[in-house]
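J.: Quick note, the sequences are listed as chains A and B, same order. Residue numbering for the first sequence follows the working numbering, beginning at 158 and increasing consecutively. Residue numbering for the second sequence follows the working numbering, beginning at 158 and increasing consecutively.
By construction, these hints were calculated from the structure, which means they are not laboratory data. One should not assume that every hint holds.
[Said to hold, decoys possible] If you want a taste of the chain A side facing chain B, the calculated C-beta under 10 Å gives, among others: (1) 161; (2) 473; (3) 477; (4) 509; (5) 543.
[To be verified] In silico SDA-like links for lysine to any residue, alpha-carbon gap of 25 Å or less: (6) 544(B) <-> 603(A); (7) 544(A) <-> 441(B); (8) 544(B) <-> 571(A); (9) 544(B) <-> 597(B); (10) 544(A) <-> 571(A); (11) 544(B) <-> 593(B); (12) 544(A) <-> 591(B).
[What the hints assert, rightly or not] Facing chain A, according to a computed beta carbon distance under 7 Å, are these residues of chain B, among others: (13) 178; (14) 335; (15) 363; (16) 401; (17) 456; (18) 527; (19) 528; (20) 541; (21) 618; (22) 622.
Note that the structure is predicted; figures quoted are calculated from it, not measured. Just so you know, even glycine gets a beta-carbon here, dropped at the ideal spot from N, CA and C.
Number of protein chains: 2
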Amino acid sequence: MRPEDRRTAEGILFTDQYQLSMAQLYFRQGLHERPAQFDHFFRRYPDYGIHEAGYCVSAGLEWLIDWMREARFRDEDLEHLRAQRDRAGGRLFADDFLAYLRRAGGFDAISLRAIPEGRVVHPSVPLTIVRGPLAMAQILETALLNQLNYQTLIATKAARIREASRAAMVLEFGLRRGQDRGANAGTRAALIGGADYTSNVGLSSTLGLPPKGTHAHALVQVFLSLGQSELDAFRAYAEVYPDDCLLLVDTINTLESGVPNAIRVFEELRAQGHHPAGIRLDSGDLAYLAIQSALMLDRAGFPEVAIVLSSDLDELVIWQIQTQIAQEAPRYGADADAIIRRLVYGVGTRLVTSHGEGALGGVYKLVAMHDGSAWRPAIKLADTPAKMTNPGLKAAWRIYDARGFATADLITLEDEDPAQAERLTLRHPDDYSRHRTFERASIAGIEPLLVEVLREGRMLIEQPSLEAMRERRLRDVERLDAGVRRIVNPHIYHVSLSERLWDLKQDLLAQLQG
Amino acid sequence: MRPEDRRTAEGILFTDQYQLSMAQLYFRQGLHERPAQFDHFFRRYPDYGIHEAGYCVSAGLEWLIDWMREARFRDEDLEHLRAQRDRAGGRLFADDFLAYLRRAGGFDAISLRAIPEGRVVHPSVPLTIVRGPLAMAQILETALLNQLNYQTLIATKAARIREASRAAMVLEFGLRRGQDRGANAGTRAALIGGADYTSNVGLSSTLGLPPKGTHAHALVQVFLSLGQSELDAFRAYAEVYPDDCLLLVDTINTLESGVPNAIRVFEELRAQGHHPAGIRLDSGDLAYLAIQSALMLDRAGFPEVAIVLSSDLDELVIWQIQTQIAQEAPRYGADADAIIRRLVYGVGTRLVTSHGEGALGGVYKLVAMHDGSAWRPAIKLADTPAKMTNPGLKAAWRIYDARGFATADLITLEDEDPAQAERLTLRHPDDYSRHRTFERASIAGIEPLLVEVLREGRMLIEQPSLEAMRERRLRDVERLDAGVRRIVNPHIYHVSLSERLWDLKQDLLAQLQG
C-alpha cells in the first residue's frame, strides 16, 4: 500500500461503513452526543475443533488506545465521505454531519474501562466497557473488536502452548504466516500469552527483547551449490557465532549428516573454549529424532545443548511429542525427562493463525443509553437465552475460594458491591434453576476486574511493561483449577450474574417480548 | 503501537532474526553480494478440512513492492542490531556488517519476476522469482512470504465464495475479525479474488470503490432503550437514506416484527417515489427466513428488493442455503430461482481468516547461486520426492488445449521455449513413470506466466487497477475445467516439468545423495 493510502486505510476510516451510516442517523435524530455505553465481550471460548480453551488471556488494549489517540477525521477522510453517493446519485453524507465529525475529531470524549492485558478472562464478562457520545462510541466498534479480538485470541493460544510446553522455552516464529503487518499484533500477543521470545526482529526490538533465530536451510544450500559441504556451512556459522552456535541439522539427513556434523563443529568449539548452543530439528518424526539426537549429543559430551523443535507445532503436537519421548526413550536407554527438559519449541503458523479457530467472536453491544435525565438499560434479544446480552451499567468481579483459587466471575450492576455482602448468590446467566450461594466467610477474596483506563480521552493508567503483563497472566493461570487449565475437554469455569442483574434482564426481556 | 515503534516494526526489521544472522555470515564469507536466485511457490492448495481448493488466485504483489521501495536500514534500525548481544555478552552484529547494511540500504539491487495478481496459480509453479545479492535477497524472504501468502490465501477463498455465490453480489465484512491492520490486506485480496464490495471504509476509499453497509442491531436497540420501537428506528433510517434503505430485520423477531415493519416503511417510501433497497437477515435459519421474507415482500409488491444474508457464511454455507431454498421454496409456492437471484451474501470472519485453513504454506527457496563465473543450481532435499525443490533458473508456462482451456502448467529451464517445440513432453514432477506428450497442433496456446516486475529495484510495469486484476481472474477461472473449479473434491490440475528440468533435478539429487 502506498504511504498516503495507509494514512487513510489505517486511520479513523479503519471502520465499517454502517458505523458511519448509523452515526449520521444519530446526528440527524439529535442523539449523536447522548451518552451511550457499549460492552465488549466474547460469548464462548475458542473451539479448535478437537480441543477447546477453558480460559482466555486478554490482550490488545495498549495498541487500541494508541490507535484511538492517533485516529482523527482529517480533511482527506472527510473528502472520501463527501464523495460517497446513494443509489439516486445524491450525497450519502451531508455537510452538517461531516462538519460534526470534523469538530468531534476523534475519540477524545470516550471513557473506557477494561480488564488489563495478560489477565485470564471468561465468556460474557465485559472485557472492555466504552462510554461516550453515541456516534463516536459507535464508530469505535470496528477498530476495538479488530484489536482486542485478535490479540486475545493469540494470547490465549500462546497460553495453551505454554501449558503444553511446561517449563520449556517457547519461541514465536509466525511472522511470515500472519496477515500483513497484523502479524506484529500476533507476535505481541504471543509474548504476553506465553511465548518467551520471538524471531520478529522489529517488534521484539521495540519491546526491548532480544529476537531469536539462527539459520535456515538456505545457508546449507548456498554452501552445497558452491561445491562445499554441510560441515563447511556449520563451520562458517560457528566461526561467526561461536557463542551462539545453534545448527539446523535436517537439510540433508538429520541423523546421518546433520547431527554428526554438528557434533564435529561443537567439538571444535569446545576445544576453543566455547559452549555450543544447540541443534534445531525442522522435519520428520521430531520425537524420535530428538531421542536419537540427544543420545548422540550425550555420547559426545554435550548433554547441555538445547534441541529446538519446529515444524507445524501447536499444543497437541507438543503434548504428543512429549508423550512419545516418555514412552520411547527408555527403549533406547535414554532419560526421557532429561530429553524433555532440553527441548525448546519454535511455534509459527499454528500460533499466529490460532490453528483450528482463526477468530475470537468478540462482540460490542449497546447496554445502556442516556435519555437526557437517566441511563436506560438496553438489551439485545436473540433466539437462544445464551445469546441475550446482559443489560445496563455493570461491574465485574472475580471470586476466590478458601484455597485462593478463582471459583467464579460475577457480573453485577455498577452500583453493587459484592465485597460488602454477607451472603452472595451467583445466578447462572440464563438458567433460573441454577445458582450457588456463598457465605462471606468461605470467600478468600472478591476482586474487581475492570480498571478505569480512559476518562473522556485522558489516560488514567500507565501502560504496563511486557513483564508486568506476563506476571499477571502467570498469577491468574496459577489460580485456576487444574481442570480449567486442561488443554482438552476443560472444566467450565463459572460466570454468574448477581440477583439484581438477573432481575433487570428478566424484566427487560418480559417488556420486549410482551 | 506508538508511531515511532511502528516505523521500526513495519520497516526493514519486519523480518526474522535468522535472515540477519545468515546475512552477516554471508558478509563474513564474502558471499553477500553474490547473485542468488530464490523461488517463491506453494506446495499444495489450501485444504479446508472437509473441502479443498482446486486452484489459487495470486495476490499481494503490489503491496510487497510498495513495502520493498520504502524499507531501508535507518540509523534507528541499525542501533537495534548494534544492541544485540550473544550469550557471552559480545556484540552479535559487527560494525563492518552494519556499515554494509547501511550502504546496501534496502532492496534497490533486487530483480523480481512474478505471476501477476488476479491470475489463477497452482502448486510448485514459481509465483515470484527473486534475483539479487545473496544477503538482501535473504533478508527479503519474511516480508515477501508474509504479503504474498496471506493475500493469495484470501483471494483464493474469495474465488471459492464467488464460485458458490454464482452471479450474486458478495460483500466483504471481515474487518473486525482480521489481524490488526493486516485486515486491510484481507479486504484487498477479497476484492481481487471475488468479493464485489467491502464494508471497510478506508481501504475501499483508497481503491475508489464505494464501501457498503447500512445499520447494525445497535440502531434498533438505541430506539428501544429510549422507549421507541423497531418501526421508529426503520422510519428514521428511511428518512435519512430514502434511496438506500436496507433494513436489518432480526433484532426482535424476523418474521413477526422485522419484515412486517420493513414492509411498512418500504410502502411509505414507495408512496414518496423512492425504491427501497432491501432487508438483511443475520441470524436463524437463513434459507427458511429468506423464503418467508421473499414471500412477504412479493405479496407487498416488492419483488425486486434484495435479501442480504450474513452470519458466518462461507462457500459451503452458501451452497447449503441455495440447495435448501431450491428444495424448500416450492413447498411454499415460491419461485426458488427468483429468491436465489435476489440474494446478496455478506461474508466476514470465514473469508478474512480463510476458515478451515488459516495460512498458505508458501515457501521461498534458494534455486541457484552464482559462483563468480556461472550460475550453479541449488536444490533442497527432503524426505519425500514431492517436497524436493525444482532447481535452477526457470520459467513457467500455461498450456491451453484445443478448446482454449488451461490443461497444464509447465515449469522449464529459463532458456527453454516450449512454444517453439514440435512436440511437448510434460513430466510429472516426481514420478518418472508419468508423463504426457502433446503434438504442437493439439495446443491452442502456450503462455509465459511470469512477468518482469523489478529490474535491480526499478519498476518495469505499471501496477494494474483492481478492475484489471478482477478481469484476469475471471478470464483465468473461465478457462479452467469445471472439475478443477468444483468447491469439493476438485480435479487435480496438472503441473509438469520439462524433460531438461527433470533431468537436472535427478542429476542434482544423485550427486547429493550419492
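J.: All hints, please: hold or fail.
T.: Going down the list of hints, with the structure as the test:
Look at residue 161(A): its Cβ gets to within about 9 Å of chain B, closer than 10 Å, so that hint holds up. Violation of the interface hint for residue 473(A) is found here, the shortest Cβ-Cβ separation to chain B being roughly 15 Å, above the 10 Å cut-off. With a least beta-carbon distance of about 19 Å to chain B, the hint placing residue 477(A) at the interface is violated under the 10 Å criterion. The restraint placing residue 509(A) at the interface with chain B holds, with a minimum CB-CB distance near 8 Å, inside the 10 Å limit.
About 13 Å separates the beta-carbon of residue 543(A) from the nearest beta-carbon of chain B, more than 10 Å, and the hint is not met. Restraint check for residue 544(B) and residue 603(A): not satisfied, since their Cα atoms lie roughly 56 Å apart, outside the 25 Å limit. A hinted pair counts as satisfied when its Cα atoms are at most 25 Å apart, and residue 544(A) with residue 441(B) qualifies at roughly 12 Å. Our distance criterion of 25 Å between C-alpha atoms is broken by residue 544(B) and residue 571(A), whose separation comes to about 59 Å.
The suggested pairing of residue 544(B) with residue 597(B) is violated, with an alpha-carbon distance near 31 Å, which exceeds 25 Å. Taking the CA atoms of residue 544(A) and residue 571(A), the gap is near 21 Å; set against the 25 Å cutoff, the hint holds. A threshold of 25 Å between alpha carbons decides the hint, and for residue 544(B) with residue 593(B) the separation of about 22 Å falls inside it, so the pair holds. Note on residue 544(A) and residue 591(B): the hinted pairing is violated, with a Cα-Cα distance of about 56 Å set against a maximum of 25 Å.
Using the Cβ-Cβ criterion of 7 Å, the hint placing residue 178(B) at the interface with chain A is satisfied: the shortest such distance is roughly 6 Å. Given hint, residue 335(B) at the interface with chain A, holds; its Cβ is 6 Å from that chain's nearest Cβ, closer than 7 Å. Because the beta carbon of residue 363(B) sits about 4 Å from the nearest beta carbon in chain A, less than 7 Å, this interface hint is met. The closest approach between the C-beta of residue 401(B) and any C-beta of chain A is roughly 5 Å, which is under the 7 Å cut-off, so the hint is satisfied.
Checking residue 456(B) against chain A: minimum C-beta separation of about 24 Å lies over 7 Å; hint violated. Interface hint at residue 527(B): violated, since its Cβ lies 9 Å from the closest Cβ of chain A, which is beyond the 7 Å cut-off. Interface hint status for residue 528(B): upheld, as the beta-carbon distance to the closest one in chain A is roughly 6 Å, under 7 Å. With a cut of 7 Å, the hint placing residue 541(B) at the interface with chain A is violated, because the nearest CB-to-CB distance is about 10 Å.
For residue 618(B), the suggested interface contact is broken, since its CB lies about 16 Å from the closest CB of chain A, more than 7 Å. Taking 7 Å as the C-beta cut-off, the interface hint given for residue 622(B) is violated, the closest approach to chain A being about 14 Å.
When each numbered hint is compared with the structure, violations occur for hints 2, 3, 5, 6, 8, 9, 12, 17, 18, 20, 21, 22.
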